[in-house]
Every structure is written in structure tokens, then in C-alpha cells.
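K.L.:
Residue strings, one per chain:
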Amino acid sequence: MAVTLTINGQRRDFDASPEMPLLWFLRDVAGLTGTKFGCAAGLCGACSVLMDGVRVFGCQTPVGDAVGKSITTIEGLTQQPLGKALVEAWNEVDVVQCGYCQPGQIVAAASLIATNPKPDDAAIDAGMSGNICRCGTYPRIRAAIHRAAQIHAGEPA
Amino acid sequence: MTGTTRRDVLIGSGLFSAALMVPVAFGSSRSRAAGAPSLAGNTWLGVDAQGRVTLALPKTEMGQGILTTITMIAAEELAVRPVDVVVSIPDGDSVRFAPIDQGTGGSTSVREVWQPLREAGARARIALVNAGARQWGVPAAECDAHDGAVVHRPSGKVLAYAALVAAAAAAPLPTEAPVRPASAYAVIGKSHRRLDGDAKARGVAEYGIDVVVPGMKYAAISVSPIFGGKLAGVDEAAARAVQGVTGVIRGADVVYVVGDNTWAVRQGITAAKAQWTADAASTGTQQAGVIAAVAAALDKPGFVAATSGDLEAARVGAAHRFSATYTQPFLAHATMEPANCVAHVHDGQCEIWTGSQIPGDARKAAAKRLGLPLDKVTLHNRLMGGGFGRRLEADMVERCVDLAKQVPFPVKLIWSREEDMSHDWYRPAYADHIDIAIGADGKIAAWEHKIAGSSIMARLLGPAFKGVDDDAVEGAITPIYPARARKVTFQQQESLVPTSWWRGVGPLRSAFVMESAIDEVAHQVGADPIAFRLAHIEDPRARAVLEQARDKAGWGTAVAPGVGRGVAVIHLWDTYMAAVAEVTVDKDHQIAVKTVTVVVDCGQAVNPSGVAAQIDSGIIFGTAGALYGEVTIANGRVEQSNFHDYRVLRMNEAPVIHTTLIDNHEKPGGMGEPPNAVIFPALANAVFAATGKRLRNLPLQKGLEAG
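Chains as they are written, first to last, in our numbering: chain A, 1 to 157; chain B, 1 to 707.
A portion of the hints provided could be inaccurate.
Taking lysine to aspartate or glutamate and the DMTMM-like style, the derived pairs with C-alpha atoms no more than 20 Å apart in a straight line are [unchecked claim]:
(1) K667/B / E494/B
(2) K157/B / E142/B
(3) K667/B / E119/B
(4) K594/B / E538/B
(5) K230/B / D395/B
(6) K69/A / E92/A
(7) K300/B / E448/B
(8) K118/A / D65/A
(9) K594/B / E155/A
(10) K190/B / E92/A
(11) K594/B / D121/A
(12) K594/B / D52/A
Hints listed in this document are in silico derivations from the structure and should not be mistaken for laboratory results.
Produce the complete structure using the sequences and hints provided.
P.N.:
Here it is, written out as C-alpha cells:
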């Protein structure tokens, strides 16, 4: 059936079941593969997207719940100032390894910084522990979030 | 001994003609399709007509950063910036890269490519320099390559590679082409940002799971959850009733549901409610029985992997005698990207898209499965969302082509996390017995090490296997502790649980046992664990990493109650590494790893930032494995299914890691596995220091809770 969704600022009609999780809708129907499948159980955060600016797990969010909301994926986030600051910090700190979890990490970090512009380590632990990285990039993610907060606030390194 | 190692198996043998290279950009805005090189340094490194250095990556990128590392080495020899190299991820091809192979494991990549890559680069560079010298009519000795151009030093004249590549290619390649000396390095040894980092961070890098082929359908898979089980029934009507499901396909031990999107086929596979049958041997396979059989195998004589001196004679008059048995469980890989593959079988040929650590061998496996000539099968390799050895197996490709040959369209097969977790090829469960005698002179008089467990090499070698698994005994037969007499044996003990490579495999197992045992001996004789090690280690590089780790970790300073420091030192994969882990254990016996101090001597570090990243990676991956990692079997099934019951480390649990790199120009060592191997014993030793409890059976958290 037809659903109207706003994804990365664009309002479009799609043919999809309202029960379909946003994860599979984004990847298979909308063609936005930056949102990753990791567990489909809300355990790993690889499918994180922003819904009205707040991180949700795409695997746990039916398309029907997104109707009338603004969905931002990694592809859209990285066109915005906060997303650009995060990618810049990620590159500066050289965070990425396999990279598969990183779009989800960056979406979670955006949600964190949006509500807490200068998160300390404890706030980072609390905001980021829903996202698993098997390569062990956590130390560099932590450093990159501090750096992204600086960049976003317009502060020097 | 068979003399065959994991590295030999990975290299394999090229028996078929090469397929055409189909370059695949890795998704960065900077990547461009690589043109055919005009000037070929070898079959995978050259300079194209536009003067661009082109590199077909001879190893596979699973997160370890080898794309960047290898590009840096190429850039060094060809005097360009790493970002200027056009890198492609080539199709699976067993011939093109000979004598090395695309197979990526065993911490071998830099060690394998280091010499042939630099030699190929040097040949191409000197061919360009000679072409420039000929054009100017000056001695080649007065010319050098710099920033993508040849420079005549006395006159300052410059010619870009683009202007010289045709002339260089027309002349025979130089036979004398010395590689750049370390003193001249402009790229090697200087930290470089990962070349694939930006594309991955922005979500535009393409992994196997992201591949979309026109006309493609999606599929879900359910394999018998019981080892050796067969499909007994499927509610096909229920599966087909799901909107978007277009087909149900049965195999002997598998059912696939095909449809228009992943959501449809995931619902369909659940609705199919597959029924399975298995014999009593399968359904009767229990964790306790499997583990007991491995431990009991230690009582067999075993096959001798190494022996020197007279063990019994050396034990006579020993001042101290120590013996203990250690066990280590099955482990899953749990890569973030679950197993997946896209395949299209049509008109007597097959095209495959996946992320594989063995693209050449996976292509062969597909051809064999389909009964097609190898030249009719193409495997387009992609970036991998983690490997850790999981993608050294080709089962995802084999299962996908089994399906693809039955449907008239390309199909993307994705394993659910539960399917991935319960149908892994697990790190073998092992048991080790070690018996150490310290002589009256304080030296190690006798060292006996018996190893039992599943043999991965036996599976791969077939009849050529002669009893000793050379991977399983790696490290055990070359310890850093000299002994007057030594004996190491291996005894194979299989179960129905499939086993394979898991980041470190045999040496990882050996490191836990040997570094736990030496720690126990030190405590038994009342010595400081580091001082005791240093009293025995002769290798100066091993001593240096241990001494620096001791000093940087504040070893010997007071710690609060419940806090303990543990040490381990290894020389494995041509790398020396020492780690001091500091842990706290609370009143509920919960272990938290606060800091890990690592000192590494991996010879010439190509990319220091990449080396440090691998240390973060191995320490965190290994901490998860040592504290929590365990796959268990009940009634012939794996009990774990997802991240709720196969615990891995999260941000709030990650230790602070202090890394020191000893800078030298020795031959490069491997970096993918050493940090993972060093942390297991360091943590066990730290828990002992914190609690007085010696845990000889992994995982540590479970052992501590068991009391």
C-alpha cells in the first residue's frame, strides 16, 4: 500500500507495508544502503536513523510509525552541519576499521550531541553503548565525539 | 610433521587460467575506475597512460586497513602520494597474484606483499627514471622519481609520469631495480589516514550486503539448526501467503524463501516453520560431552610436533614442578555484517558478488558446486563488515549458488543474525596440559605441552594430514622461554561442531596457556611475574617490549583492593608484543578492564596509525572473547543466537589503551592477530592478581562466578 514518508528532507510516496521495519524499507525500497543490518533485534545499533532528530533503531521501527515524522539517514545527516562535523572528526581521528557499524555510530553520536553539545566520557558511554563495534574502534569513537563537539561549536582543536 | 601451515593453505595452488580483471571502486569520491596499466611493475601494480599509479589490491579489506597499508607501500616505491594511487578491489583470481594469493589471514598480508610489492614498484619507478634519462640524454644516476614525475637533479628538469609512461613501457623492464632504502622513506612509517575511512563513515562504501543487481530478488535461509540434521517438512503455503514472497526452495538440510524484499522473505522463513530430523548421535551431542572428549584426548600419547632433549632426565632433581590443564571454548565470529552473497546463474555461467577473505578459493568452490568450468564463474569481491576468519570459509557462496542455480534471476541471500550465529565455523574448543620443571639452577629444565582439539588443518588437508596440526601448535613449538628439554604434542579430537579460523587460532590458544602457566610458575616460586619472565627470556626484542610495558604500566606500584595487574608477552606472527592489563573485580565478581598498556615491536610499521588501530581492535575483540566468549551446544544445536546471549564489548566497557610502538626497520611483522593473542593471558593473570583465583578455563567471567 502507499505510504508517504519524509526522508532526508524529501517527501515521497512509496509502496510498502506499514509493518515493514524502516531498516528494510530504507535498504530495499528506498535504496539507502548506508543504514546497516546487524541484528534485527535492537541490540547493535547498526540500523540507527534519526526520527525527528532522535535516534531510533530502524529494525524496531515500523514504516507506519515514521509517517508524519522526519527521517534522517546517514546519507542525509552527512549533508547537515552536525553530520559534516562528525565525519570530519571521524576522519581526523582515523576512527574507521571495517566501517560497517560506523554510519550507525555517527547517527547515534548526532543524537547525543544534539541534546548534549559537550558530552563528557560518561555521557558518551551512556549515549553510545547501544551501538556495537566488533573492530574495537570505541577509543577513537570517544575521541572523535569530543572533537566533533568542538568542530560543531566552532572551536579550534 | 606435515610442514604445511595455515599460510600455505591460504596461498593454495593456481591451477586455472586467469579471468579478466574487473576493477571495483570502493566507493570513495576519490576512487576512479582503473584503466589497464600501460607500464606494468607486475600483474597488479603499474602506471596507466595518464601517469596514474594503479593497484589491484592483492589482499582483501575486512577492516584491518590493508587497503591503506598496501597502497602506502606502492606509493613509497613509485614516489606518489597514497591518495593519488588508483586502487581497485579485484575479482577472485588464483593465478594473477601468484606466488602470493588474495587469501587474507594469519597476519600474513604485509609479510607476504612487502618484498614483491616493493620490487614491482621499484621496477616501474626505475623504468620511468630510465625513460626520462634517455629523453634528456643524461645519466639515469642523475635522475630520481619525485611526486609523480621524474626529476633531473643537476638541471632541475621535470617530466611527469604521463609524459614518460609510453617510452618506459616500450623498453624492457629494468632487471636491476633496488627498492627504496628505509633512510629515504617519505610514506612508510608515517601515520596515514585510512583511504576508505571517509566513504565508510558517510555510508557510501559498498559492502557485499549492499550490492544491488538489476532484476535481483531477495532470499532468506534456514539451515538445519541441528548439526547433521535434514529438512523434514515446510509449511510452504504459509510462507507463500506472506505478501512479497515469490518462492520456497528446499534442499537436503536447508530451506530458502525468495521474494521481493528482505522483510518479506524474513517473514516467509518464519512462517515456513521448517521441521528437521536428525539421528541420535546429532541430537545427543551435548556441551559437557564434547568438552569432556577434548579433555580426555589429552590422555592419548598425541603426535609429536617438537621434541628436544630428554624430558624425564631433565625432570630429575627439579626444584619446582608445575602442571595444569587449561580449556578454551568454541567461539563465534559475530562479524557486524552477517553472512551474505549475491549470485546470478544463467546461460552456463555464474556471477557472484560478496565480501570474501578468499575470493579466489570461493570462486573455485562455486565452480565446483555448480559443475562449471572456472572461467565461467566470476566473483566480484567487496569490502567486508568484519572478517576475523569467518570469511575464510566459502559456505555463504556455496549456499547462495545452490539457490541461484534454481532461479532465473540474480538473488541476494542474507543470513539472519540468529542463522549466522548458529551456523558459524567456530574457533575450536581446546584443552592443553602443560608440565614445567624448574631445575636447581633456576632455569627451565623441562617443558611439556600437550594440545588437544579439533584440527582445522586436518579438514583442509584431507589424507595429507599426518597427525600434527601445524597451526594449532604454532607458537607452542617456538616459545620465548628456553628449556633444556621440551616436547609438544597434538591430538586431534573432533565433534559434530564445525571449526575454522578465528583471529589468532592456534597461536592465540597457545599464548593463553603458555603465558598463564609461566605466570603460575612465577607465583609458585615467589617471584614477580615480570622479573621471572625476564630471568628466562633471552631474545632482546622480547625483553625490550616486556621491560617497556613494565615501566609504562607502573608495574609494582600499589593498587586498591579488588584491582589487579596482569602481564603477557608474545613473539608470534613475527611480532613482539607485551601487554599489562589492569582490571577491577567488584563484590559481585564482575570483571571490568580499566586500562591496557601495550608495547609492540612489529619491525617496520608501515602505517603507525593502522598498527595502533589494530592494537585497539585486538585488545577489545580479545577482551570480549576472554571475558565472555563461549558458544555452547545442547541437543546438537548451538545455544547462542544474537548479541543478547553472545556478549561482546560495548563502549562503556572498553578499556583505555596505551600503545607504544618501538620504532625500527626490521622486517614487518603481522598485526591482525597479536594483540588479540596477548590480551587473553594478560586478563587471566590480572584477575588472579585481583582476586587470588586462577582461572584456567575460559571464559573468565563465567569461571569467576563459578567460584
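K.L.:
For every hint, state whether the structure bears it out.
P.N.:
Hints, verified against the model:
1. K667/B / E494/B: 37 Å, violated
2. K157/B / E142/B: 11 Å, holds
3. K667/B / E119/B: Holds, at roughly 15 Å.
4. K594/B / E538/B: Given that 20 Å is the threshold and the Cα spacing comes to 31 Å, the pair is violated.
5. K230/B / D395/B: 17 Å, holds
6. K69/A / E92/A: Answer violated: K69/A to E92/A is near 33 Å, above 20 Å.
7. K300/B / E448/B: Holds, at roughly 14 Å.
8. K118/A / D65/A: Violated. K118/A to D65/A sits at ~30 Å, over the 20 Å cutoff.
9. K594/B / E155/A: 30 Å, violated
10. K190/B / E92/A: 15 Å, holds
11. K594/B / D121/A: 14 Å, holds
12. K594/B / D52/A: 36 Å, violated
Of the hints listed earlier, those the structure fails to meet are numbers 1, 4, 6, 8, 9, 12, in rising order.
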